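Number of protein chains: 4
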Amino acid sequence: MSDKMLLKWMKQGHLSIPKLLLQYYTDLGLTEVELMTLLHIQSFIDEGDYFPTPELLSERMTLSKEECSNTMGLLIKKGFLSLDKHWDNGILYENYSLEPLWLKLMEELNQEDQKQQEKSNAQIEG
Amino acid sequence: MSDKMLLKWMKQGHLSIPKLLLQYYTDLGLTEVELMTLLHIQSFIDEGDYFPTPELLSERMTLSKEECSNTMGLLIKKGFLSLDKHWDNGILYENYSLEPLWLKLMEELNQEDQKQQEKSNAQIEG
Amino acid sequence: MSDKMLLKWMKQGHLSIPKLLLQYYTDLGLTEVELMTLLHIQSFIDEGDYFPTPELLSERMTLSKEECSNTMGLLIKKGFLSLDKHWDNGILYENYSLEPLWLKLMEELNQEDQKQQEKSNAQIEG
Amino acid sequence: MSDKMLLKWMKQGHLSIPKLLLQYYTDLGLTEVELMTLLHIQSFIDEGDYFPTPELLSERMTLSKEECSNTMGLLIKKGFLSLDKHWDNGILYENYSLEPLWLKLMEELNQEDQKQQEKSNAQIEG
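Residue numbers (our numbering), protein chains in the order written: chain A, 1 to 126; chain B, 1 to 126; chain C, 1 to 126; chain D, 1 to 126.
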């Protein structure tokens, strides 16, 4: 490998995925394709592009432009992704946000926590 | 969220995915489900489990045990995953490794690099 | 760079540092050398070594063995690091844990949060 | 911890540090304070700020504004950091880059690789 390509590798950086997300995404009701779509969107946001188009996602995925568009719509509908719009000086800004995903994950972890506490309480009282 | 759950979050850690892998996995011939399978295996390896079973993967994925087993077999066949076996003191050790994936990614980046160099040479010679 | 070295790079992995830790470690009362010491310990723990010795740390730092030992002792004293000991089958296990660091960071973030809420309340009441 | 703070945590993201950098920075001639300075600069670059001032760094470090300025100057002098300048439409753009650091790390890994090969050759020839 040329040094130029290695530099590209080193500079390109990494996407950090919480291991708890890897463990719980199916419990949240996400498929692998949906999770990958969210990770791609996060990757674009990290690079400063807050509104990646279905075309852009499609170039990096096995999905067609239409399938990307449908998946993104479904993720918004199912409450994992939000599209925040605001006007500034006559320009419409549209930003995707994964905040709903993190809120859902927090909720799931809380429920897991409560279940475990109830279990251990039941054992003590048992 | 309870502090206990937050601590779990903080201690659980993250999986770092090279952004170049996110950009090129389709060029390598991987689907989203196959990539997620590899990421799950990497996550288990990071935690010290070098031979996660299809059952274990299946608990974290939308795939059944059989589908996980088939996908893992396919990934080995297609040259993205290797299963290294060695005997030690009469015990058989089996370790999965993603080394083949990284080698394929390196090869792809090299080819991309050469294409771009040929393009820029062609433009200079124009 | 040889492919062998690149593979080493790709396989070696990354340490993920929360950006909030980078922003608040001085508020917690940590110096750069102390933070680096904690990151080295975390890196060893990630690799499955829960009790790295001052010698091991010293090989990777500008500090001498004695200085590493002193810094680790200070970090325990100041409540950023804990050394958990337990006996199992007649063997003493000693594990370092960064749990105290995460608890301190959580506390700091909570205090920041309250300060900001009080500020915005004061502005509303103005 | 309030959900608001946790969201901040989840959204803030992580800085991924190659473990090989943690292992070899002293061999490259870097101190802990110098490495932390580089990591802070990388963190700002990740967030889209390619020219963090000594004031900004100083707010996150134990160093004064002057000490940050001196350390940044020294890192450029020692060849770990570069400051790339270019004019665009009458505006001067100044961008810090850690490319020199990665090149130095590559060089170091190459030398390590050669030393080990020579050793193993010497053993074979023994």
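Keep in mind the hints are simulated off the structure, nothing from the lab.
Treat the hints with caution; some may be incorrect.
For chains that are exact copies, the list does not tell them apart, and a pair is met inside one copy or across any two.
Straight line, CA to CA, 20 Å or less: simulated PhoX-like cross-link-like pairs of lysine-lysine [claimed, not checked]:
no., residue 1, residue 2
1, Lys65, Lys104
2, Lys4, Lys115
3, Lys119, Lys19
4, Lys77, Lys119
5, Lys85, Lys115
6, Lys104, Lys119
7, Lys11, Lys119
8, Lys19, Lys77
9, Lys78, Lys119
10, Lys8, Lys78
11, Lys4, Lys19
12, Lys19, Lys85
13, Lys77, Lys65
14, Lys78, Lys104
15, Lys104, Lys115
16, Lys77, Lys4
17, Lys77, Lys115
18, Lys119, Lys4
19, Lys115, Lys8
20, Lys85, Lys11
21, Lys65, Lys4
Since we're looking at a predicted model, the values are computed, not measured.
Here is what the structure says about each hint:
Proximity of lysine 65 and lysine 104 under a CA criterion of 20 Å is satisfied in neither setting, with 27 Å inside one chain copy and 26 Å between copies. Only between protomers do lysine 4 and lysine 115 lie at most 20 Å apart by alpha-carbon distance; the minimum there is 14 Å, versus 52 Å within a single protomer. Proximity of lysine 119 to lysine 19 under the C-alpha cut-off of 20 Å is found in neither arrangement, the shortest distances being 24 Å within a copy and 36 Å between copies. In the homo-oligomer, the alpha carbons of lysine 77 and lysine 119 never lie at most 20 Å apart, since the shortest distance is 34 Å inside one protomer and 36 Å across protomers.
In this homomeric assembly, lysine 85 and lysine 115 never come within 20 Å of each other (Cα to Cα): the closest approach is 38 Å inside a single copy and 29 Å across copies. Taking the shortest Cα distances, lysine 104 and lysine 119 never come within 20 Å of each other, neither inside one copy (23 Å) nor across copies (29 Å). For the homomeric pair lysine 11 and lysine 119, neither the shortest alpha-carbon distance inside one copy (48 Å) nor that between copies (23 Å) is at most 20 Å. Taking the closest pair of Cα atoms, lysine 19 and lysine 77 never come within 20 Å of each other, the shortest separation being 25 Å inside a single copy and 27 Å across copies.
For the homomeric pair lysine 78 and lysine 119, neither the shortest alpha-carbon distance inside one copy (30 Å) nor that between copies (36 Å) is at most 20 Å. Taking CA atoms no more than 20 Å apart as the test, lysine 8 paired with lysine 78 passes in neither setting, with 37 Å inside one copy and 22 Å between copies. Taking identical chains as interchangeable, the C-alpha atoms of lysine 4 and lysine 19 lie at most 20 Å apart only when they sit on different chains, with a minimum of 17 Å there against 32 Å within one chain. Taking the shortest Cα distances, lysine 19 and lysine 85 never come within 20 Å of each other, neither inside one copy (30 Å) nor across copies (27 Å).
When the C-alpha separation of lysine 77 and lysine 65 is checked against a cutoff of 20 Å, the pair qualifies only within one copy, where the shortest distance is 18 Å, while the shortest distance between copies is 30 Å. Proximity of lysine 78 to lysine 104 under the C-alpha cut-off of 20 Å is restricted to the intra-copy arrangement: shortest distance 11 Å within a copy versus 36 Å between copies. Within a single copy, lysine 104 and lysine 115 get their C-alpha atoms as close as 17 Å, which meets the 20 Å cut-off; across copies the closest is 27 Å, which misses it. For the identical chains of this complex, lysine 77 and lysine 4 are neighbours neither inside a copy (43 Å) nor across copies (23 Å), given an alpha-carbon limit of 20 Å.
Taking the shortest alpha-carbon separations for lysine 77 and lysine 115, neither the intra-copy value of 28 Å nor the inter-copy value of 36 Å comes in at or below 20 Å. When the C-alpha separation of lysine 119 and lysine 4 is checked against a cutoff of 20 Å, the pair qualifies only between copies, where the shortest distance is 16 Å, while the shortest distance within a copy is 56 Å. Taking CA atoms no more than 20 Å apart as the test, lysine 115 paired with lysine 8 passes between copies only; the shortest distance there is 15 Å, against 46 Å inside one copy. With identical chains, the CA atoms of lysine 85 and lysine 11 are at most 20 Å apart between copies only, with a shortest distance of 19 Å across copies and 32 Å within one.
Taking the shortest Cα distances, lysine 65 and lysine 4 never come within 20 Å of each other, neither inside one copy (32 Å) nor across copies (35 Å).
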